[in-house]
Structure formats: structure tokens, C-alpha cells
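Chemist: Chains as they are written, first to last, in numbering that gives the first Met the number 0: chain X, 0 to 463; chain Y, 0 to 413.
Read the hints as simulated data drawn from the structure, not as lab findings.
Do not take every clue at face value.
Unchecked claim - Partial pick of chain X residues on the chain Y-facing surface, computed with a CB cut under 10 Å:
#, residue
1, V233
2, P282
3, E288
4, V308
5, F376
6, W389
7, V391
8, P392
9, G393
10, I397
11, G434
12, R435
13, C436
14, A458
15, P459
C-beta atoms are modelled at their ideal positions from N, C-alpha and C, and glycine is treated no differently.
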Amino acid sequence: MVAFGNPVDTAIIGAGVVGCAMARRFCLEGASVVVLERAPDILSGASKANSAILHTGFDAPPGSVELQCMQAGYAEYMQIREDFNLPILDTGAMVAAWSDSEEARLPELLEQALLNGVADARLLSRAEVVAREPALGAHVRAALLVPREVIIDPWSAPLAYAMQAKALGAGFHFNAGLLSARFDGDLWHLQTPIGTLTARSVINAAGIHGDSVERMLIGGSQFEIRPRKGQFVVFDKAAAKHLRTILLPVPTARTKGVVLIRTIFGNLLVGPTAEEQEERDRPDVTRPELDMLIAKAVELVPALAQAQVTAVYAGLRPASEEKHYRLHSLPEKGYFCAGGIRSTGLTAALGIARHVHGLWAQDRTAGGKPITAPPIFPLPNLAEHLPRDWQVPGHGGIVCHCEMVTGREIEAALSSPLPPGDFGGLRRRTRCAMGRCQGFNCLARLNSLTEGRLSVPIAPEADR
Amino acid sequence: MSAASYDVAIVGGGPAGLSAAIELRARGVAKVALFERGDEAGGIPRHCGHPLFGMREFGRILTGPAYARRLVAAALAAGVTVLPKHTVVHTGPGGRLTVASPNGIETIQAARILIATGAREATRAQLLVPGLRPLGVMNTAALQAFVYQEGRVPFRRPLIVGSELVSLSAILTCRSHGIRPIAMVENELDVQARRAFFALPRVLRVPVMPGAQILAIEGRPRVTSVRLRLADGTETLLACDGVIFSGRFVPEAALTEASALVLDPATGGPEIDQHGRGSDPGIFFAGNMVHPIETAGHCWAEGRRVAGMIAAELADRAKSEPKEARGRRVIAGAGLKYVVPQRLTTEGTGTAPVLNVRALGAANGQLILSDGSGTILRSQSINAAPQKPIRFSLAGLDLAGESSDLRLRLEPKA
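Modelling step: build the complete structure from the supplied sequences, incorporating the hints.
Modeler: Dropping the structure here:
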């Protein structure tokens with residue numbers, strides 16, 4: 000059991016990208032913060048399975064809170080990224096039209112982009128598209144180019160937010176899902192498997208469980224989570240040479256559709272699917288959908304017919320019954336909700352955090368003073384196009400050969416202030432076992448290196 | 000600072016690379032360096048803690064680790080510079096290598112390069128196996144590294160996926176460490192190794208299920224079961240605490256790709272001539288990256304053979320600059336997965352080339368070699384298990400006169 004001590008200004012439920020950004024923002028504003036996460040590590044839900052795009056908001060609903068949060072998030076990411084050594088891959092994005100009807104929709108998308116303040120968006124003719132991306136399928140018609148859409152490291156960024164929050168005194172507690180909650184008119188009493196926390200306010204950033212957490216907190220929910228599964232296929236690094244620009248489809252009413260995109264780690268990614276499902280704990284991969292994604296990728300870039308698959312994964316996006324973000328509050332109870340953040344959360348997180356802090360601060364005088372000189376520290380670079388640790392002498396040898404992860408990087412992650420709780424967390428922090436052999440070479444060694452240091456071990460000494 | 004230079008730089012310290020290094024020294028090549036990215040040389044046999052290794056090489060039966068140690072000791076005794084923890088990240092034209100080690104990055108120069116980086120088993124992701132993605136899913140090699148190198152047992156009741164020789168090796172590894180595989184499943188309708196070998200799972204009471212499709216791997220955070228559709232169409236749920244994906248080997252060709260050398264999509268490895276020479280005339284290949292997959296003994300013999308060619312070329316002043324190799328293409332036709340080598344040159348001496356062939360599935364019928372005009376040059380009858388290496392000898396054939404593509408095809412028995 001954890002002795003939580005005095006009441007904190009705010010408790011954040013959920014350590015996804017939104018929860019991590021929220022913790023950072025509240026700490027920077029001088030609040031005392033505890034984050035409760037039901038999984039063994041940060042980013043264990045929807046945040047671990049996205050397409051890693053930093054969006055301009057060109058296609059977001061004009062005038063929406065979502066757009067405002069995305070653009071604030073984009074700007075803040077660009078502002079802080081050098082301090083934290085967070086990479087970008089400056090690719091731009093193209094919404095490609097592959098038919099008459101899709102081509103006919105490009106002008107309205109351009110208009111929306113301009114309306115949303117994305118002034119450098121412009122239409123490309125077929126010849127311009129082909130000149131930019133010669134490997135595209137021959138039936139491409141035209142495209143909308145959005146130059147400032149870029150690719151980021153989807154895991155190092157939220158880790159940086161969480162690390163800064165932690166350095167400013169935030170408590171991060173794992174395996175600490177909310178069991179029950181009571182508001183006594185002054186304080187929240189939040190019961191978890193590791194102890195009961197008292198807090199003056201509570202922020203719901205529980206992602207896929209956002210609605211059930213809201214019910215637990217205030218007895219009812221303004222929204223209903225409708226889990227939307229997204230499956231992805233990661234192609235081998237050799238495939239990344241075929242495409243430079245992020246390739247987006249003309250969106251439908253329901254989804255942004257299947258994207259073909261390089262990753263900052265040097266691979267090529269296709270996904271996500273958009274599958275409605277009931278289960279909230281079942282991000283499984285399924286064969287027909289994987290086959291469909293690969294076929295789609297080959298249709299867009301025919302040379303991918305020869306490409307090897309490195310990894311497949313799936314995530315559950317916390318979509319709700321309405322398309323927009325579910326940002327609301329109950330100020331008299333100190334309850335704030337950042338729910339239904341379905342597919343733009345990585346971009347918008349920093350903006351959502353500012354927005355919610357704004358709501359929180361409106362009728363509050365307590366909560367400390369903003370930090371003037373917050374601690375800043377560079378994260379280890381994992382991007383393929385920038386210098387990596389293996390290029391620096393004294394790394395103690397390479398443990399994961401596919402992704403060139405050194406012993407020094409593994410040790411640094413394990414002994415960091417916010418160490419991984421499980422193998423997935425170590426993979427996201429270092430890239431180990433993320434490559435083409437998926438641990439054929441290094442899994443056993445990684446098990447030994449992490450022995451006693453992960454709350455969920457890779458392979459516990461099995462019972463006879 | 001001038002780059003370190005060698006006569007031959009070998010990339011990969013498995014049986015093919017080690018035997019080539021030893022042979023090069025035996026033939027008087029002065030400076031031979033072997034770059035091994037792992038902590039020690041020896042290759043895959045290091046973690047195959049069971050026999051049968053070493054008959055061809057040392058005239059006795061050894062376990063994998065003992066065999067690997069002997070090969071490494073022989074290389075050191077022969078004066079090979081063995082460099083573990085050295086990863087070759089790029090090979091450029093003109094024999095330039097970029098090497099990463101704990102001391103940083105250095106550039107190395109070599110008159111010839113031999114790449115022998117081996118093969119690995121297909122992963123669960125590559126096979127697009129559905130379900131959740133829990134802990135406890137691994138390849139045979141990872142299991143063997145757990146038990147033989149790290150002294151750890153990752154599970155007790157795993158399911159084995161695949162029915163190749165390595166799948167049987169997985170059973171042996173399990174049984175010598177108190178692990179009881181619950182079953183062996185194969186998605187093809189027939190087992191992939193020789194049927195006679197399946198006396199082993201029978202004796203050990205491991206059910207073998209050909210024609211079984213995995214519908215889903217279940218469990219979080221660890222494997223709890225696998226849902227299967229069996230050959231007869233019924234569905235079943237097998238409780239297990241691990242899944243071993245065995246076999247379906249693919250070449251470890253990352254360096255070859257990164258160096259923009261020509262690959263054969265059929266093998267996934269480099270395109271070579273009968274001497275092991277790739278698309279860069281100064282770069283040779285040997286071992287399982289060329290032909291997934293053969294025994295350690297085969298790779299060892301191949302390493303020696305390619306080393307002989309390299310040594311002869313280096314000794315001949317006229318040939319000290321490697322020449323662009325042309326030659327006739329050999330194409331894998333109907334019924335065949337691949338043919339190695341992919342090119343036959345008229346250059347060089349030595350024994351007559353033997354084509355190394357794999358069929359798509361079991362092969363029973365006639366292998367027929369024809370030339371560009373369709374003229375049949377040679378045929379050979381075969382009857383082989385699905386993953387069985389097939390040899391097709393070209394001894395006595397004069398292929399020098401013409402330049403048209405050669406085509407090898409399988410004509411199934413009626």
C-alpha cells in the first residue's frame with residue numbers, strides 16, 4: 000500500500016498522452032498532482048497505438064475546441080521539442096485523390112484548411128504528385144498538400160511530459176485503477192488497489208474507460224465510449240524508401256481512413272482500420288483486416304508487394320457517440336473530463352492540458368504559483384535519421400541488433416526516474432525487440448537484463 | 000587516421016563465416032578479420048544444446064555449443080582476427096566497411112568481403128497470426144537462448160507452431176528442461192520435415208496436428224491459450240503458457256539491403272553466382288543467408304568452398320581487382336520456390352556447380368533444366384519432403400557456349 004499523505008490539488012485518472020500532458024501542465028502552473036494509472040506503465044491504452052502524426056488541424060471541424068487544442072498542441076510541441084530533444088520527420092502530408100469523386104472533394108478540403116488557418120495548404124496536380132512521390136500507384140489523380148504535417152516519436156513525447164511532471168513533484172502510480180470514488184463536499188477520496196488518495200479535484204483522462212470512470216465519480220456519464228479498433232501493419236525499413244510524404248485518404252464522415260506513413264524509426268506503417276466493437280480490453284489483430292491493410296498499401300504503392308512485415312498491432316481508440324471531444328466539468332465538485340479523444344490526442348494533448356487547466360483555474364485561487372524555470376532534460380533520441388547511442392563510444396555493446404539498441408540505453412531506461420513497468424514500456428523507451436526479428440536474437444538477454452526490474456516481468460521463472 | 004585494412008573481411012561468425020576464415024588462413028591469406036555482432040562468435044549452434052553437430056567437420060558427434068567453441072578455437076589458432084561485438088552497418092563499393100563497436104564507429108578496408116549473416120525464423124508478426132499479443136510468444140532460437148545461455152525457463156506448457164527440423168529441435172530443447180509442449184501444429188496439410196522424424200513427438204506424446212490454423216492467440220499479459228481450427232474443420236481451444244514459432248527461415252539480409260546489393264525475392268537473400276559472388280564483384284556470400292536453410296555442416300562446407308575461390312583470386316595477380324561477373328541466369332520455374340545460385344559464370348575453376356533447389360511443398364516428379372530455346376538439358380527424378388534441400392548437379396554440362404536464361408522446373412508425377 001502507498002501512503003498518499005496530504006490531499007493533492009488534483010488527481011489525474013489515466014497516464015496516456017492526455018494524462019501525461021495534463022500532469023505536466025498542472026505542475027508547471029504550480030499545482031500538486033498525482034496520476035493514477037491502472038496499467039503497469041504510461042501509454043498502455045490508445046496512446047501506444049497511433050499513427051504518430053503531428054497534425055496541423057487542416058481537416059478538423061472549423062471553430063471547434065478540437066481544432067483549437069490541436070493547434071495549441073502543435074505550437075507547444077514545436078516550442079519545447081528542442082529542449083527535450085524530441086524529433087520530427089519533416090515530411091508534409093498529401094490527401095491523395097484516386098477517383099473523380101475524390102478529386103472533386105479536394106477544393107472543399109483546401110477551403111477548410113484555409114479556414115482553419117493552415118495557409119500553406121495547396122492543391123497538387125497529378126504531375127506534381129508523381130514528381131513528389133514517383134512510387135505511387137498510376138491511378139493517382141491529384142492531391143492536397145499540407146506541408147506542415149510532420150511525423151514524431153509517439154512515445155518519447157508523452158514520456159518527456161511525464162518526466163517533467165515527475166521532476167516537478169508529480170506522483171505517478173501504476174497498477175492503480177480507480178475502484179471507487181467519494182466526494183465529501185470538499186475532498187475526493189479515490190480508492191485504488193494500492194491505497195486511497197485524497198484530492199481537491201479530479202481529472203478524468205481515462206481514455207477507453209472514460210465513461211465508466213465518469214459514472215464512478217459523479218454517478219452518471221454525459222457520454223458513452225464506443226471503442227473503435229485500429230489495426231496497423233509495420234513494414235520493414237527497406238520499404239520506407241518508397242514514400243516520403245504522409246499519404247492520407249480523402250476522409251469520410253466517420254474516420255480519417257487508412258494512412259500510409261513512414262515512422263520516425265525508419266519503417267513504413269499502414270493503418271488504422273476503424274472497427275466498432277464492444278470489448279474494451281481486446282485490441283486483437285485479425286487476419287482479414289491485416290490482409291486488407293497490406294493490399295491497400297500495395298494498391299497505393301505497388302512496390303510494397305515485395306515488402307516484408309516487421310510488426311502488426313492494434314489499439315482501441317476511445318471514440319464516443321459524438322464526433323467531438325468530450326471536454327466538460329462540474330466545478331462545484333472539482334471534476335473535469337477530457338474524454339472521447341479518439342484520434343488526434345497525440346497532437347492535441349498539450350493543448351487539451353492548457354484548455355482543462357484554464358477551466359480548472361477559473362474559480363480557484365489556491366494551487367501555487369507557476370514555475371518560472373522548470374527542469375528541462377533531453378530525452379535519448381530514438382529517431383533513425385538522427386544520431387543514436389550506438390554511434391557514441393562506451394555504450395557497452397549492442398543488445399538489440401535490428402534496432403541497434405545498446406546496453407547503456409537499456410540500463411538508462413531501467414534506472415530512469417520513470418522506469419518502464421513492463422516489456423512494452425521498455426520497448427517504447429528504447430526500441431528493443433521492435434525490429435524485424437521481434438526478439439529472435441535478444442529476448443532472452445533482455446529478460447536477464449530486466450530481471451527484478453519490471454513489475455510485469457518478460458518471463459517469470461515458470462512454475463513446474 | 001588511416002583505415003585498418005585486411006585481405007578479407009568476413010561478416011558473421013557462424014559456421015560458414017568461421018570455416019571460411021580458417022580456410023583462407025590455411026591457403027595463405029595473411030590478414031583475415033571476422034566481425035561478429037554478438038558477444039561471441041559461433042552462430043546459431045551456440046544455443047542448440049543437443050547433438051548432432053560436427054561429423055563432417057571434426058569426425059565426431061558434438062553438441063551445438065561444443066561445436067561452436069571448437070570452430071572458434073580453430074579460427075583463433077589459425078590466426079584469424081575474431082572481433083565480437085563488432086557490427087558491420089554498411090559495405091560500400093571497393094571493399095569499404097563501416098563497423099560499429101563499443102569503441103565507436105570505424106571504417107575498414109578489405110580486398111574482399113564475405114557476408115555470412117545467416118537466417119532467422121519467421122516471427123508471429125510476419126506470419127500475420129491473429130489474436131492478442133501477449134508475453135510468452137517467441138521463436139525457437141529465443142527459447143534456446145533462454146535455456147542454454149541465460150539459464151531460464153520461460154514457460155512450461157507451450158504450443159509449438161511449425162513442423163520443420165528446427166521444430167523437432169524445439170521439442171528436444173523443451174524436454175531437456177522440464178518443458179512439456181502441449182502440441183505441435185502445422186498450417187500446411189503435411190508436416191514439413193521427413194515423416195520418419197515424427198517418431199520423436201510420438202514417443203514423447205506431443206500430438207502433431209497438420210492442417211491446423213491459428214484463429215487467435217489469447218491472454219493478457221501472458222499467453223493463456225490458442226484457438227485453433229483443425230484439419231477436420233472443428234474448432235478447439237488449447238490451454239498453454241507459451242507459443243514457439245519455429246522455422247520458416249528468412250535470410251538475415253539487413254546489411255545486404257542497406258548496402259544496396261541485389262537480392263533474390265525468392266530466397267530473400269542475395270543473388271549470387273556459383274562461387275558465391277554477389278552483385279558487387281568484391282563481395283561474396285555463404286551460408287544460410289543464401290539458402291534458408293541448411294545444416295551447420297553444409298554451411299561450413301560452403302564457407303570453405305567460397306574461401307577457396309577468394310584465396311585463388313587474391314593469389315592471382317591478374318585478378319587482384321575483382322571483375323564484374325556476368326553469366327547465365329538460372330530461373331526457378333513452375334513448382335519451385337527457389338534455385339541457388341541464380342547466375343552461372345564461366346569464370347573460375349573447381350568442382351562442377353550443383354544447384355540448390357527448394358520446391359513449393361513436397362516434390363515428387365521430374366526436375367527439368369531447359370535453356371532459352373526450350374531444349375531440355377537435363378532431368379532428374381526426385382521425391383522430397385517440403386522443406387528438404389534438393390541438389391541438382393550440372394556436372395558434365397557445357398553451359399559456356401550460350402548465354403540464354405536457364406530454367407529449372409518441377410514436373411509432378413502424374
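Chemist: Give a verdict on every hint.
Modeler: The hints, checked one at a time:
Here the hint on V233(X) is kept, as its CB sits about 8 Å from the closest CB of chain Y, short of 10 Å. This hint holds: P282(X) has a C-beta 7 Å from the nearest C-beta of chain Y, less than the 10 Å allowed. With a least beta-carbon distance of about 9 Å to chain Y, the hint placing E288(X) at the interface is held under the 10 Å criterion. Checking V308(X) against chain Y by beta carbon gives a least distance of about 5 Å; that is within 10 Å, so the hint holds.
Hint status for F376(X) relative to chain Y: violated, with the closest Cβ pair at about 24 Å, above 10 Å. About 6 Å separates the beta-carbon of W389(X) from the nearest beta-carbon of chain Y, less than 10 Å, and the hint is met. Proximity of V391(X) to chain Y holds as hinted, the smallest CB-CB distance being about 7 Å (cut-off 10 Å). Proximity of P392(X) to chain Y holds as hinted, the smallest CB-CB distance being about 4 Å (cut-off 10 Å).
For G393(X), the interface hint holds, the least distance from its beta-carbon to any beta-carbon of chain Y being 7 Å, beneath 10 Å. The beta carbon of I397(X) comes within 6 Å of a beta carbon in chain Y, closer than 10 Å, and the hint placing it at the interface holds. For the restraint placing G434(X) at the interface with chain Y, the shortest Cβ-Cβ distance is roughly 9 Å, inside the 10 Å limit, so the hint holds. Annotation: R435(X) was flagged as interfacial toward chain Y, and the flag holds, the nearest CB pair being 7 Å apart, inside 10 Å.
A cut of 10 Å between beta carbons decides the hint on C436(X): the least distance to chain Y is about 5 Å, and the hint holds. A distance limit of 10 Å between C-beta atoms decides the matter here; for A458(X) the minimum to chain Y is near 4 Å, and the interface restraint holds. Evaluation of the P459(X) hint against chain Y yields a held restraint, the C-beta minimum of about 9 Å falling below 10 Å.
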